[in-house]
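Keeping their order, the protein sequence lines are chains A and B. Residue numbers for the first sequence follow numbering that gives the first Met the number 0, so the first one is 0 and each next one is one higher. Residue numbers for the second sequence follow numbering that gives the first Met the number 0, so the first one is 0 and each next one is one higher.
Rather than coming from a laboratory, the hints here were simulated on the basis of the structure. Treat the hints with care, as some may be off.
Stated by the list, open to error - List of simulated lysine-lysine pairs, BS3-like, C-alpha gap at most 27 angstroms:
hint: 1; chain 1: B; residue 1: K334; chain 2: B; residue 2: K114
hint: 2; chain 1: B; residue 1: K193; chain 2: B; residue 2: K117
hint: 3; chain 1: B; residue 1: K166; chain 2: B; residue 2: K297
hint: 4; chain 1: B; residue 1: K166; chain 2: B; residue 2: K227
hint: 5; chain 1: A; residue 1: K124; chain 2: B; residue 2: K258
hint: 6; chain 1: B; residue 1: K383; chain 2: B; residue 2: K143
hint: 7; chain 1: A; residue 1: K124; chain 2: B; residue 2: K297
hint: 8; chain 1: B; residue 1: K252; chain 2: A; residue 2: K124
hint: 9; chain 1: B; residue 1: K334; chain 2: B; residue 2: K349
hint: 10; chain 1: B; residue 1: K334; chain 2: B; residue 2: K86
hint: 11; chain 1: B; residue 1: K114; chain 2: B; residue 2: K227
hint: 12; chain 1: B; residue 1: K339; chain 2: B; residue 2: K86
hint: 13; chain 1: A; residue 1: K124; chain 2: B; residue 2: K253
hint: 14; chain 1: A; residue 1: K227; chain 2: B; residue 2: K39
hint: 15; chain 1: B; residue 1: K74; chain 2: B; residue 2: K117
Please read these numbers as outputs of a predicted model, since none were measured by experiment.
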Amino acid sequence: MHRVLGDRRAITILLGPALLVYSLIMLVPMVWSLGYSFTEGNSIEGFTGNGLDNFSRLLDDPAVHDALWFTLKYAVVVTAGQVVAGYLLALLYVFFLKKASAPVRTLAFFPVVLPTVAVGLLFQKLFQVAPQPGPVNSLLNAFGFESVDFFGSAGSAFWVLIIMDIWRSMGFYAVLLFAGLVDIPDEVLESARLDGASGPRLIRHIVLPLSMPVLMSSLIFSINGTLKVFDSVVALTNGGPGNGTTPLTLYMFQSSFTYSEYGYGSTIALLLTVVCLLVSLAVYRVSRRDNTES
Amino acid sequence: MPHRMLRARRLTLVSAGAMSMALLATACGGGGGGTSAAPKDFTYLGVTENTTTRTALATLSEGSCKAENDALPLKTETVPQAQLDQKLQLLAGQDALPAQFAAGNAPALTKQLAKSGKVADIELELKRYGALDQLEPAAVSTIKALYGGKLMALPYEYNIEGFFYNKKLFEENGIAVPGTWDELLAAADELDAKGVQPFSASGAQGWPLTRLISGYLYRSLGPDALEKVADGSAELTDPEYVKAAEEVAALGKKGYFGKGVGSIDYDTAMNQFLTGRSGMFYMGSWALANIADPEQNKVGAENVGFMPFPAVKGGAGSIDQYPSNIGLAVTFGSKTFNDKTGDWLGCISKNYGSTALKDHGAISGFKVNTPVEDANEVTTTVRKTISSSQQNVLWFEALFSTKATTVSNTTAAGLVNGSVSPQQFMETVQAALGGR
Numbered sequence: 000m001h002r003v004l005g006d007r008r009a010i011t012i013l014l015g016p017a018l019l020v021y022s023l024i025m026l027v028p029m030v031w032s033l034g035y036s037f038t039e040g041n042s043i044e045g046f047t048g049n050g051l052d053n054f055s056r057l058l059d060d061p062a063v064h065d066a067l068w069f070t071l072k073y074a075v076v077v078t079a080g081q082v083v084a085g086y087l088l089a090l091l092y093v094f095f096l097k098k099a100s101a102p103v104r105t106l107a108f109f110p111v112v113l114p115t116v117a118v119g120l121l122f123q124k125l126f127q128v129a130p131q132p133g134p135v136n137s138l139l140n141a142f143g144f145e146s147v148d149f150f151g152s153a154g155s156a157f158w159v160l161i162i163m164d165i166w167r168s169m170g171f172y173a174v175l176l177f178a179g180l181v182d183i184p185d186e187v188l189e190s191a192r193l194d195g196a197s198g199p200r201l202i203r204h205i206v207l208p209l210s211m212p213v214l215m216s217s218l219i220f221s222i223n224g225t226l227k228v229f230d231s232v233v234a235l236t237n238g239g240p241g242n243g244t245t246p247l248t249l250y251m252f253q254s255s256f257t258y259s260e261y262g263y264g265s266t267i268a269l270l271l272t273v274v275c276l277l278v279s280l281a282v283y284r285v286s287r288r289d290n291t292e293s
Numbered sequence: 000m001p002h003r004m005l006r007a008r009r010l011t012l013v014s015a016g017a018m019s020m021a022l023l024a025t026a027c028g029g030g031g032g033g034t035s036a037a038p039k040d041f042t043y044l045g046v047t048e049n050t051t052t053r054t055a056l057a058t059l060s061e062g063s064c065k066a067e068n069d070a071l072p073l074k075t076e077t078v079p080q081a082q083l084d085q086k087l088q089l090l091a092g093q094d095a096l097p098a099q100f101a102a103g104n105a106p107a108l109t110k111q112l113a114k115s116g117k118v119a120d121i122e123l124e125l126k127r128y129g130a131l132d133q134l135e136p137a138a139v140s141t142i143k144a145l146y147g148g149k150l151m152a153l154p155y156e157y158n159i160e161g162f163f164y165n166k167k168l169f170e171e172n173g174i175a176v177p178g179t180w181d182e183l184l185a186a187a188d189e190l191d192a193k194g195v196q197p198f199s200a201s202g203a204q205g206w207p208l209t210r211l212i213s214g215y216l217y218r219s220l221g222p223d224a225l226e227k228v229a230d231g232s233a234e235l236t237d238p239e240y241v242k243a244a245e246e247v248a249a250l251g252k253k254g255y256f257g258k259g260v261g262s263i264d265y266d267t268a269m270n271q272f273l274t275g276r277s278g279m280f281y282m283g284s285w286a287l288a289n290i291a292d293p294e295q296n297k298v299g300a301e302n303v304g305f306m307p308f309p310a311v312k313g314g315a316g317s318i319d320q321y322p323s324n325i326g327l328a329v330t331f332g333s334k335t336f337n338d339k340t341g342d343w344l345g346c347i348s349k350n351y352g353s354t355a356l357k358d359h360g361a362i363s364g365f366k367v368n369t370p371v372e373d374a375n376e377v378t379t380t381v382r383k384t385i386s387s388s389q390q391n392v393l394w395f396e397a398l399f400s401t402k403a404t405t406v407s408n409t410t411a412a413g414l415v416n417g418s419v420s421p422q423q424f425m426e427t428v429q430a431a432l433g434g435r
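In isolation and in its complexed conformation, chain B is listed as follows:
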C-alpha cells in the first residue's frame, strides 16, 4: 500500500474516532445543568400522592399570589413518594435542588441537606419578609422539635393524631369514650364480642401500628420518652419500652386488627373504618378530608368522633399531649433563594392557611386569615384541639434514622401477627438505630 494512502486512511480513522468520542461525550453530557442560580420559575417538587399542596399552590398563583406568580411563575413537578429520597439525593449531589421541595420522608434527610447548606434559613427569611407571625406557634414548636431546634420546613399540613371512633357503634353498644388504656381495651373487648372489628390499621404501611407503641410510651413514660432513645440515655430494649410493644402485640394477638393486618394497605384500613366495619381508627387529622367526603364516608361525618390517645394508669404523660406532625415537610432551597422566591414565601405564609382549609378542608400550620366555616363537627373538634393544645409530642420514628424508620415500619405487622415477639421487635429497631 502506498505510504501516502496509508497516512490519509490513518488520518480519516483518527478523525472518525475523535468524532465518535465527541458524540459520546455530548450524549453522556445530557441537558441537565448543574448550576441553579437565579431560577426562571418557582419550581415546587412534590410527591404524586399529595394533591392538596400542589392544587392549593396553584389556586394561590391565580389568586392572592398572582403578582408573585407573574414575577416568577409557579411550576409543579411530582415524583412518587417512594422515590423522593433518591431524587433529592441526586439533585442535591448536582446542586440542582428546586426552589421549593418536599424534604424527604424522614427528618434525617432534611437535616443532612441543611447541614450541607442546601436548605434556606426559613426562620430568617420569614422574618425578613414579615411573615414569621403567620405560622401557628404549635406548628413552629413541632417543626423545631423535629429538626433539632431549627425552623427548617413550612407547615403546609399540620396534623394532630388520635383515635377516630364510630359514635354510632359506640352508642349502640353502650360504650363510653375511653379515657384510659384499660378502658380502651374494655371498649375493644365489647366491640369484638359484638362481632365488630375493634381497630382498623394498615400493617402494610406499618406506621399506623408503631404509632400505637409511641402513643403508649408517651403516656406511660412521659413526653420525652423517645428523645431519651434518640440521645442514647434509654434504649428501646429497656423493659419499660418493651412493655409498650407488648401491649400493642396483645391487641394483635386477640385479633383486634382483623385478619391479615400485614396485607391491609392504607386505603383499605381507611375504608374499613369509613364503611362501619371497624370501631376505631388511629390516624392523623389529615383523615378529615376523607371523613368529609360522602363518597368515601358511608357512616356519615356526624357519626365520627375524635379522642386523644388514652392515658396509662400511673404514667408520666398526660392525655392532652397530642402527637403532631407537619405531614411531608416542604422546604426551600438555599441556592435558588432570592427576592422573588422570598416574595412567594411571604405570600404563601399569609394566604395558604385559608386557601387550604376553604378549598380542601385541610388544616395547615399557617394562620387562617379569612374566616372559614368548618365542614363538620369533627373538624371543629380537631381545630379546637390544635389551637388549645399546650404541649405536643412526636411519633415513634420521628427522631430515627431513615434505616431505623424503614425497619420499624416493615417489622410492625410481624409484631401484631405474632411472627415477631415484642422483645425481638424492639431489638431489631434498636439495632437499626445503633447502626447509624
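One chain only, chain A, in its complex shape:
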C-alpha cells in the first residue's frame, strides 16, 4: 500500500479524474464567473469588457448595501438562534430525557425533512392577515389586539423569517450537538458531580468546554449556510416587501437572470465569496485558539 501511495504516477492516476471533474464543474465556472465581473451584457447581446465599472457600481449601489447588511444580520441572528436552540435541545435529550429522547428527537428533526417551499407556505399561512387572518393573527385578535400585517414591513417580515429558519433547522443542530454530548465520558461527568458540580455549573465548566469542538463545527456550518440563504427567503417573502428582505444571493440571482446583467451579478457573487471567506477564516481562527486553550 505504501509503495502504491508513494508512487507519484499512482497518485496522479488515482486523483487525476476526480481533480479533473472537480476543476471542470467547480473551478472553471468560478474563474469564468470572475471573468464576467469585468464585462457587461448578456447572452443575447453578447459581452463587452467594461473594466472596473461593475466594482465601482457595487460600491455605490444602495441595494447592495441593503442586501449585504440584511445578509450579515440574518446570518448572525439565525446562526445564534439555530446553535443555541439546537444546543438546548441536545442538553434536553442527554440530561433530561435520556433514553426516552428518541421520539422528541424525531419530532424536532421533522421540519428538517420538509421541503423549504412547504415550510415557506406554512409560515405564510400562519402569519397571514388577508384574505383571512392566520392562526397568529387570530390569536392576537382573541386577546383583543389588532391584526398585524407581518409581511407588510421589512422589520416584521425579517422576524417571521428568523423564526421560520430557526424552527426549520434547530432539529438538525440538535442531532449534531447531541452526537458531541454523548461523546463526553460518563466518568468525567460522574466525578464532576462527586465534586459538587451540578445543573448550570456542570454545564458551564464541564459540558460546554468538552463539547466546544462540535459547537464550533456547528457554528461554521451554520454561518456559512446562513450567509448563502436563498430558498427560504424566496419561499416566504421573495425578498419583499420592496427589497426589505433581499439577501445578496437573491440580489445576485435577480441581477443576473431577471435583469440580465450577468457581469454585475458575477460581481455580487464575488462579494459574497469574499464575505464567506472572511467569516470562515475568522471563525477558524477563533476556534483554533479556543481548542488550544481548552
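Chain A is already provided as a structure; the job is to place chain B on it using the hints.
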C-alpha cells in the same frame, strides 16, 4: 517491474483516460442542437399560466389552419411565466428560439432580441402573406407604441383597462358612476362608510396598484406623461409625478384596499370583487373571461359595469384615452421563419380573432371575421369601447427596463400600506430606471 509490462500498463491507463474524457465530453454535450434552420414543427413556447392562446391555437390547428398544420404540425411547449425571461435568454444565446414564442415579461427583452436579429420582421411578413389588414388598427398602434414604432409582436390578446364596478352595490348605496377622481374618492368614501371595501387590488403582484398611479398621471399630465420619463425629459421625482403616488398612497392610508394588501394575490383580489366583497376593481379586459364564468362570478355578469379611469380636474388627459396592452406579447423567431411558418402566420391572423372570442370569450387584436355573439353586456361595452377608442395610452412600467419594472411592482404594496412614502417610492423606481 519489466519494462514491457510497464509500457503496456501505461498504454491501458492512457486509453482509459482518453475514453473517460470522451464519455465526459459526450455527457456534457447533451442532445440540444444549436442550429434551428428549417424547423420540423411549428413550436409555440408559451407560459403555463395562459391557457387561452395555446388552446385557441390547438383549435385552429384542427379547424381553419388544418392544411398549415399538416405541412408543419403545431407543437406547444410551456414554461412558468416567472421563468420565461431566463428561458428566452438561454435559447437566444444558443440560437435555438422556437418558431413562435411568448416574448418576455417586459417589452425591453423583446426589443433586445429584435436588436440582435432574433425576431422576424412581422410587419413585412404579414404584408407578404396578405394579412396585415387582419390586425385591428388600435392594436397595431399599441404594439408600435410599446416597441419603439415597430410591429414586433402579435396581438393574441388585446386589452383595455379601467374600473370594473359592482352595479348592484352602487345602486343600493345611491352612487353614480364617477367621472372624476374626486367623484371616485367620494364613491369610495360612501362604500367604506357602508362597510364595503371600496377597492380590491393585488399588492402581491404590485402592478394593479401602479396602474392607478399611471392612470392618474395620464389624466393629470396627458398621454405622453410616461414617454417623457422614458426619454429623460421628466423624472418620476418631479412634484407633479409624486402627486400621483400621493393620491394612491392616500387611498391605502384610508384602508380602501382592505387589510394586508401586500399579501393579496391576483386570484384573491379577483375573488373579492366577484363575490361582492369589494365595490371596484381596476383590471384589464382579460377579466371578462372570469366575469363571464358563473362558477367564479357570484354577483352575476349583469351586475358588473365597466368605467374608464376618471378624469382629474384641470388635467391635460382625457377620459377616453384607455390604457391598453396586448397581454403577454407573442412573436416569431427570425431563424425559423420560412414559407410554412409564414402560412401559419397568415392563417392565424385571419382566424384567431373569431376563435378566441367564440371559444374563450377572449378579445384579441385580430379582426373578428365570423360574427360572434357577446357573452354578456359588459363584454359588449368593452368591445364597443375598443373599436371606438381613438387614442390609447400604456401602463406605468410599459417603457421601463426589466429592473425598474420589478422594483416598481415589488415596492407598490409598501406605498399603499404606508411603509414607503410616495416620495421614496418614486425615488426608488427612478433610481432603478437610471441604473439601466
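Now for the hints, and whether the structure bears them out:
Pair hint B:K334 plus B:K114 holds up; C-alpha atoms about 14 angstroms apart against a cutoff of 27 angstroms. Distance check on the hinted pair: B:K193 and B:K117 sit about 55 angstroms apart at the alpha-carbon level, beyond 27 angstroms; violated. Of the pairs offered as hints, the one joining B:K166 and B:K297 holds, with about 13 angstroms between alpha carbons and a cut-off of 27 angstroms not exceeded. At most 27 angstroms may separate the alpha-carbon atoms for a hinted pair to count; B:K166 and B:K227 exceed this at roughly 37 angstroms.
Using a Cα cut-off of 27 angstroms, the hinted pair A:K124 and B:K258 holds, with the two alpha carbons roughly 15 angstroms apart. Taking the CA atoms of B:K383 and B:K143, the gap is near 22 angstroms; set against the 27 angstroms cutoff, the hint holds. For the hint pairing A:K124 with B:K297, the CA-to-CA distance comes to about 25 angstroms; that is within 27 angstroms, so the pair holds. Taking the CA atoms of B:K252 and A:K124, the gap is about 24 angstroms. The hint holds against a cut of 27 angstroms.
The straight-line distance between the Cα atoms of B:K334 and B:K349 is roughly 24 angstroms, inside the 27 angstroms bound, and the hint therefore holds. As the CA atoms of B:K334 and B:K86 are separated by approximately 17 angstroms, the hinted pair is consistent with the 27 angstroms bound. For the suggested pair B:K114 and B:K227, the alpha carbons sit about 23 angstroms apart, so the restraint of at most 27 angstroms is met. The hinted pair formed by B:K339 and B:K86 meets the criterion: a straight-line CA distance of about 25 angstroms does not exceed 27 angstroms.
Straight-line distance between C-alpha atoms of A:K124 and B:K253 comes to about 25 angstroms, which keeps the hinted pair within the 27 angstroms bound. Taken as a hint, the A:K227 and B:K39 pair is broken in the structure, with Cα atoms around 44 angstroms apart against an allowance of 27 angstroms. Annotation: proposed proximity of B:K74 to B:K117 holds, straight-line Cα distance about 20 angstroms (limit 27 angstroms).
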